[in-house]
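**Student:** Hints are included, so try docking the two chains, each in its own frame, into the full complex.
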Amino acid sequence: MSAVLFDVPGPRAIARNRLSAVLGTVVILGLVAYVGYRFYDTGQFEGRVWSWLQYERIQTDLVKALLATLQAFAVGAVLALAFGAVFAAGRLSEHAWLRVPSMAIVEFFRAIPLLILIFLFYYGLPAAGVKMTPFMALVLGLMLYNGSVLAEIFRAGILSLPRGQSEAAYALGMRKTQVMTLVLLPQAVRAMLPAIVSQLVVLLKDTALGFLITYYELLKYTQNIGGSPQFGRPFIPVLIVVSAIYITLCLLLSWLATYLESRNRRSRKVQGGTTAEIAPEQPPLVPPGSGSI
Amino acid sequence: MSDIWNVLADNTDLFRTGFANTIKLFLIAAVGSLLFGTLLAMLRVSPVPILRGAGTAYVTVLRNTPLTLVLFFFAFAYPLLDIVRISFFTAAAIGLTVYTSAFVCEVVRSGINTVNVGQAEAARALGLTFAQIVGSVVLPQALRSVVPPLTSVQIALLKNTTIAAGFSVFEAGAIRDNLSERGENILIGLGWVALGFLILVIPLTLVQRSLERRWSVAR
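Line by line, the protein sequences give chains W and X.
The opening position of the first sequence corresponds to residue 1039 in the numbering used here, with each subsequent residue numbered one higher.
The opening position of the second sequence corresponds to residue 6 in the numbering used here, with each subsequent residue numbered one higher.
Looking at chain X on its own, in the form it has when it is part of the complex (with noise of 0.2 Å):
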């Protein structure tokens, strides 16, 4: 039993380092991943085709590539186009930015859509400007059928993070690998790191839960 607890005990600094990077990655790529892909949700409905088009190889490359593969490609193909050199850990924050953009651009646009065009022709019959139609009947609406999925998306963002060690990022993926060094027991080691991740996920999956239960509305 205490040979459990001394494997996290000994290497409290590996486990501190090694999520707190863990949270920084995932910090950087859900705020980045919102902002691009609603960027790309946006191309995604405008009356341009060729944006349409654009945006829509973007997402069928990017849903059908694994991961593994983007951060593949942003940690050891990169460097040779010769563009801006980057840290393995910027890399690591680019590709799995780049990578849930593309469900997210797909989640904001399906949520967008499922607002009834009633609405918001019920909404210009009453003589509501555009600005109230978006920001009082329209975004609230589509805000309920879009942050569930969001959230579910940003949840297997902070699991996806964990692939990132096999691309020189210390984070909580990469602690085995200091602690085989160290000698210690890996099963005892995973078993913690998975601890871990329970701790951090279980409450995002109980308010996405309750958000689905609570937004969800009959149309």
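Isolated chain W (complex conformation) (with noise of 0.2 Å):
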């Protein structure tokens, strides 16, 4: 793109491409060595700060942690996957007093802050009287958020498809719900496929929330380990971990929806386009990760 824009450079305006190349990397290394220093300067580094790493105790804890904050994820992928279904069906129904209440429900909790509504469960459900764990509070709250925008990602990705497609089945003499099921839907979730597992991983790192509300996840974890004064209070070491946990988790999961669309997309190509009619390179109607970050 910026090659079109001017004309080839000449001597000069090479020179002078290079000359801010060396600025602007002299610049990028001296924020990182400083960075570097002053982690060095404030003992970061030191064997004390990350001594607990020895121990076997911090060990099966921090397992422990990253499994609660994976049982939080599963749990609430799926409920979210099955809510937003479910409400993506009701937003698309022909009958008026499914599709206003499915669409009521799904702007609200898409508007309200994921904290705010997890805060609404676990602290404001028992004051009427409901008792809540904080694994519960931050499943619901998962799911009604994340459900809500997944919702949504269904059904954009019903209404891209091509007109031909239900309309070729019903002709075949399909109900409605055999066209649902046996049409759209698997076109649909192939072609949304990417926007979903976005959403799913938004879904990963929104565990983190439950460190507002006393859950023991991986943030609490490092609130417990990094805050104890025997280790240097070792915020730092435990925190490098825990994001690069979090971090590799999250990419896990995008490079499994990579290698997902790549095994459709070859497939598809051996079953002789049966749906070469979805340009593949159409982009989705909802972009990956638009609806929440």
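Result set (SDA-like, lysine to any residue): computed pairs, CA atoms no more than 20 Å apart in a straight line:
{"#": "1", "chain 1": "W", "residue 1": "LYS1258", "chain 2": "X", "residue 2": "GLY171"}
{"#": "2", "chain 1": "W", "residue 1": "LYS1258", "chain 2": "X", "residue 2": "ALA80"}
{"#": "3", "chain 1": "W", "residue 1": "LYS1258", "chain 2": "W", "residue 2": "LEU1100"}
{"#": "4", "chain 1": "W", "residue 1": "LYS1258", "chain 2": "X", "residue 2": "PHE172"}
{"#": "5", "chain 1": "W", "residue 1": "LYS1258", "chain 2": "X", "residue 2": "LEU85"}
{"#": "6", "chain 1": "W", "residue 1": "LYS1258", "chain 2": "X", "residue 2": "SER173"}
Hints in this document: simulated from the structure, not taken from any laboratory.
**Tutor:** Written out as structure tokens, the structure reads:
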């Protein structure tokens, strides 16, 4: 793109580009070096603040915290997908008495911050006499919020399909449910897979909100170990380990999506154009990740 | 019924300062993330590999880290580094900016890439200067595909400001703590907070949707 905007650089322009490249590199390296120096100067690389890693108790606690995060993610993801499917179907319904409430519910839960929703369940409901564990409050919040976003993604996926698909299915004598489950849904899920997975990544990251309602997950673990004075308050080492775990998990999830997508594309070719009508390069109606971050 | 109303009426001070701080935090982080995110997008398309690499690394790390963890870092770990003392409010504003910039960067970058190369080529063939090409051909088109998703990112930022409540910043998310100290009904209080967010978010969503509808161009 940038190459077509101006003439091919002459010797002076090339020299200028090189100079700015060198300057930019120096600035970035300088920043990195300064941060590294601050780490070194405040003793973040010393053995003492990393010694917590040697204790078996702390290691098993880390695994426990990781499992708690994964558990909240797995339960939340399954519930959110189910919630999304139900409410997407509701919003696409022909009956106004189903369509309007579904729309209201989806819009409502999308507009409220997830944290407020979780607080409502964890601190609000006990005031009304309903007992809540942190896990339940977190999972309910994750389900309602991400489920609403997923409902929008599913709906956009189904609406993006060419009308000929459902028309042909109706012409073959299929019922409404058959058209949806056998014809529209499989294609929509394929088209929307990137958006669905990036929403699941968001859900995985959102499990960290459990920290604020004392759910013992990775971040709560970070606070417990990081604040302990006998290891010299190793907040930074623990944060490095925990964020590496989060980043790995999220990247694995995205990688899984890319893998599934490439497998889909291959099988599509083998089947000889059964779904060739959906142009694969057509961008999805909901850009990945635009629902929430 | 009067109960519900009283929770708001008796604590207007809390709600007012809470939401004022939320909006303040949002505005600071919004401007900051737009500027820094655009700068990152420039890094990511620059011809220098190391700058490109730095931009990519930043975006990958920040996009795959929970915001709660980023705010946690600035609230608890950053003070240990002994650089410059900052208040919790500043820490939250920096954390939100740093996190949201990664998303702004991706939106801006993909928006610029959607403009067809043929557009710039045609403009050059007509003899337009660099400023004319960028100003009247490329940017207007890029803007159309960038602004609606950028609005979504900013809406998400507005909702994300509540997380700062967990890190000693008094804003809308922290109204709950103070209400429970005063012995008010938390369920009703949080209902009012939720309503406040509906009032803030729904107009923004409507603007975003109308922009998306009006500006979606078939390419």
